[in-house]
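Model the full assembly from the supplied sequences, consistent with the hints where possible.
2 protein chains.
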Amino acid sequence: MALVARAFGARGVFIDGYDESLVNKVRKTVEYWGGSYFEVRLVSDPKGLVRQWRENGGKVIHLTMYGINLPEVENRIREIDNLLIVVGSEKVEGWYYTNADFNVAVSNQPHSEVAALAILLDRLYKGDELNIVFRDAKIRIIPQERGKKVIRTDEQ
Amino acid sequence: MALVARAFGARGVFIDGYDESLVNKVRKTVEYWGGSYFEVRLVSDPKGLVRQWRENGGKVIHLTMYGINLPEVENRIREIDNLLIVVGSEKVEGWYYTNADFNVAVSNQPHSEVAALAILLDRLYKGDELNIVFRDAKIRIIPQERGKKVIRTDEQ
Numbered sequence: 001m002a003l004v005a006r007a008f009g010a011r012g013v014f015i016d017g018y019d020e021s022l023v024n025k026v027r028k029t030v031e032y033w034g035g036s037y038f039e040v041r042l043v044s045d046p047k048g049l050v051r052q053w054r055e056n057g058g059k060v061i062h063l064t065m066y067g068i069n070l071p072e073v074e075n076r077i078r079e080i081d082n083l084l085i086v087v088g089s090e091k092v093e094g095w096y097y098t099n100a101d102f103n104v105a106v107s108n109q110p111h112s113e114v115a116a117l118a119i120l121l122d123r124l125y126k127g128d129e130l131n132i133v134f135r136d137a138k139i140r141i142i143p144q145e146r147g148k149k150v151i152r153t154d155e156q
Numbered sequence: 001m002a003l004v005a006r007a008f009g010a011r012g013v014f015i016d017g018y019d020e021s022l023v024n025k026v027r028k029t030v031e032y033w034g035g036s037y038f039e040v041r042l043v044s045d046p047k048g049l050v051r052q053w054r055e056n057g058g059k060v061i062h063l064t065m066y067g068i069n070l071p072e073v074e075n076r077i078r079e080i081d082n083l084l085i086v087v088g089s090e091k092v093e094g095w096y097y098t099n100a101d102f103n104v105a106v107s108n109q110p111h112s113e114v115a116a117l118a119i120l121l122d123r124l125y126k127g128d129e130l131n132i133v134f135r136d137a138k139i140r141i142i143p144q145e146r147g148k149k150v151i152r153t154d155e156q
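Note that the protein sequences, when read in sequence, are chains C and F. Using my numbering, the final residue of the first sequence is 156, and nothing's skipped along the way. Using my numbering, the final residue of the second sequence is 156, and nothing's skipped along the way.
Hints should not be assumed to be uniformly reliable.
[What the hints assert, rightly or not] Straight-line C-alpha distance at most 20 Å; calculated EDC-like pairs for lysine to aspartate or glutamate:
| # | chain 1 | residue 1 | chain 2 | residue 2 |
| --- | --- | --- | --- | --- |
| 1 | F | 28 | C | 90 |
| 2 | F | 91 | C | 145 |
| 3 | F | 126 | C | 129 |
| 4 | C | 91 | F | 145 |
| 5 | F | 148 | C | 90 |
| 6 | C | 148 | F | 101 |
| 7 | F | 28 | F | 136 |
| 8 | C | 25 | F | 90 |
| 9 | F | 149 | C | 72 |
| 10 | F | 149 | C | 93 |
| 11 | C | 148 | F | 90 |
| 12 | F | 59 | C | 145 |
Keep in mind the hints are simulated off the structure, nothing from the lab. Bear in mind that the values here come from a model prediction, so they are computed numbers and not experimental data.
Here you go:
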């Protein structure tokens, strides 16, 4: 989830809980693949984060298959600057449904939170996220028709 | 992965191995949420499947972060009728790189196979997949601004 957020153009990720190994994995990815602006933070009070985000003028989207289907709201949410996207695991408390600015579904079908986040970010960035270049990357893929080619950009 | 395939418009999924519980989970989803055309099959010889698919005139896309970035090939692959998409876990044998018709990356960044599949299907269907209605569904979500609403379509 955090790697999708980074690769698809988010500025950072807040993780509910104390999963230090996850944080380290994401930081490792950032170190090699770039995007040092990308913030990774553990939070112990996710509801407080949502409240504060809104008090600071930001908007909150809660991704849920029960919400309004993305095609109907994508133009509205694309205009928003400070967007916090809440992605839950299987059970999300009702509090988030009532306290988010938007409850958005990526189709009203059961599938995957990771896929939902990817498609939402894709719509926000209109596909440009697939061409992000992380200028501070230490390693970079040179796309190939067949096989793998990775270069180190710090060894030149 | 299989649920993303179903929700995003694939006609079925082949699973390498013998994960019967996964098959049952997908079939359960199809039973309630619809899409009885969606095939779920375990395969013991995935390379044989790839070979046969191509012999029958179909094309094979292997999703890999090392491949050609999707925006460069999406128009070409959208024209193809019988498409088999190969999605691997962490390590995929070189055989697939040489035997696929296309090695396609969804950005050349590390993230998630599920996200990659979702974005690829989204490009193939130009976003229409978010509005698929499964007419044979037993339950259906009525999208809500807040909260959850699910109806049984067989109790009317």
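Of the hints given before, which are not true for this structure?
Violated hints: none at all, because every hint is consistent with the structure.
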